[in-house]
Amino acid sequence: MGAWVGTEVGLSFLNYRFTPRDKRDDEWTLYTDTSGPLAFGIRALAMDSKGRLWIGTAGGLMVLDTRGTPTRRSDDVSIVYTSANGLAHDQVNDIIIDSAGRGWIACGSYLQGGLNVVDIGTSLTSRGDDIWATFATTNSGLPDPYVTSVALDSNVLAWLGTQNGAAVLNYGGTPFNRNDDVWTVFNTSNSGLAYNAVRDIVVDAASNTWFALALEGVSTRAGNGLWVTFKQADGLASNATDSVMVDRGGYVWIGTDGGGVSALNYNASLSNKADDAWVTYSTGNGALASTSVTVLMQDRWGQIWVGTFGGGASIYSGVSFKQNSLPMIRR
Numbered sequence: 004m005g006a007w008v009g010t011e012v013g014l015s016f017l018n019y020r021f022t023p024r025d026k027r028d029d030e031w032t033l034y035t036d037t038s039g040p041l042a043f044g045i046r047a048l049a050m051d052s053k054g055r056l057w058i059g060t061a062g063g064l065m066v067l068d069t070r071g072t073p074t075r076r077s078d079d080v081s082i083v084y085t086s087a088n089g090l091a092h093d094q095v096n097d098i099i100i101d102s103a104g105r106g107w108i109a110c111g112s113y114l115q116g117g118l119n120v121v122d123i124g125t126s127l128t129s130r131g132d133d134i135w136a137t138f139a140t141t142n143s144g145l146p147d148p149y150v151t152s153v154a155l156d157s158n159v160l161a162w163l164g165t166q167n168g169a170a171v172l173n174y175g176g177t178p179f180n181r182n183d184d185v186w187t188v189f190n191t192s193n194s195g196l197a198y199n200a201v202r203d204i205v206v207d208a209a210s211n212t213w214f215a216l217a218l219e220g221v222s223t224r225a226g227n228g229l230w231v232t233f234k235q236a237d238g239l240a241s242n243a244t245d246s247v248m249v250d251r252g253g254y255v256w257i258g259t260d261g262g263g264v265s266a267l268n269y270n271a272s273l274s275n276k277a278d279d280a281w282v283t284y285s286t287g288n289g290a291l292a293s294t295s296v297t298v299l300m301q302d303r304w305g306q307i308w309v310g311t312f313g314g315g316a317s318i319y320s321g322v323s324f325k326q327n328s329l330p331m332i333r334r
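In the working numbering, each residue's number is its place in the sequence shown (first place is 1) plus 3.
Just so you know, the hints here were simulated from the structure itself, not pulled from any lab data. Be aware that one or more of the hints could be misleading.
Using C-beta positions, here's what the derived DEER-type ranges look like [said to hold, decoys possible]:
no., residue 1, residue 2, range
1, GLY261, SER129, 40 to 50 Å
2, SER77, GLY238, 43 to 53 Å
3, ARG130, GLN235, 19 to 29 Å
4, THR141, GLY228, 27 to 37 Å
5, ALA209, GLY238, 15 to 25 Å
6, THR72, TRP135, 26 to 36 Å
7, ASN268, THR22, 21 to 31 Å
8, SER129, ASN227, 42 to 52 Å
9, SER192, GLY238, 23 to 33 Å
Just so it is clear, the structure is predicted and the values come from calculations on it, not from any experiment. A virtual CB, placed ideally from N, CA and C, is assigned to each residue, including glycine.
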């Protein structure tokens, strides 16, 4: 049993042998590159239903099939995509795989980028059966080319975070057919979004959409259209947030830039902050190796994995944290 970890210096697979809190039996496999995408630092990871790892980097997208043997590289098969053969931009910021196995890829930097949707077909190594869609500011309702994050909900809606607001695309279940697309943009002028620079998005089981903002905390839009923002004054560790995740118990985990990670129990009442319960984990209480939290995820056993910039990874078991030193983990 293991975990894939993306860092500034490449990709690693950690075989923790069912004991992620005990480092003594750990086995590490490093995937590095001197010229391909892995040389540029990892920005996003996603696993599809066929066990293929989608790797977003600052230099393109790699889809890797380890054939079930991640600790043995000799039988690996992979394909690389860049702006020369499909991507809206070489910098991949986020990836999510939908129920049909299609990859939704948030790309871009400040001047160029967009959203890609790709079906890589039955053959990983053949580009002939690939199907692509590219959404840019010039051909869609996307408010900004720098797409930082993407999330999908159960209502065939794609939620997108950008440097200049958020957008939701109703693609009618057909992402490769633009004729039925409906776009809605949210920003500080027309909605309750507290800041336009969105760093991360997640949609929870109650259809609440959570937006981690570069400043001004975390805004959430309930399924009924109600907006609520949580800031440092409410209990959040810092108003500069980089990541957000909702665990299976409904608790909201918010990674901040400099304040550690905060967990919120809003007791099923978004608009009533009086009954909210907050807890923050940082370096001061020994939980994290760095206060800059870039990625959060929950594994099948309910453990929370916290990736940081400059300090490695920490694992929360529900009782305490365990640290594992890795270089500069990115989301």
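Okay, the hints, checked on the actual structure:
Checked against the given bound of 40 to 50 Å, the beta carbons of GLY261 and SER129, roughly 46 Å apart, stay inside it. Between SER77 and GLY238, the C-beta spacing of about 50 Å keeps the proposed range 43 to 53 Å intact. Distance hint for ARG130 and GLN235: a CB-CB separation of about 48 Å, inconsistent with the stated range 19 to 29 Å. Range check, THR141 to GLY228: about 29 Å between beta-carbon atoms, so the 27 to 37 Å window is met.
For the pair ALA209 and GLY238, the beta carbons lie near 20 Å from each other, so the given range of 15 to 25 Å is met. The beta-carbon spacing between THR72 and TRP135, approximately 30 Å, falls within the hinted interval of 26 to 36 Å. Distance hint check: the CB atoms of ASN268 and THR22 are about 29 Å apart, consistent with the given range 21 to 31 Å. A hinted range of 42 to 52 Å holds for the C-beta pair SER129 and ASN227, which are about 46 Å apart.
Hint check: SER192 to GLY238, Cβ distance near 27 Å, so the stated range 23 to 33 Å holds.
Of the numbered hints stated above, the single one contradicted by the structure is hint 3.
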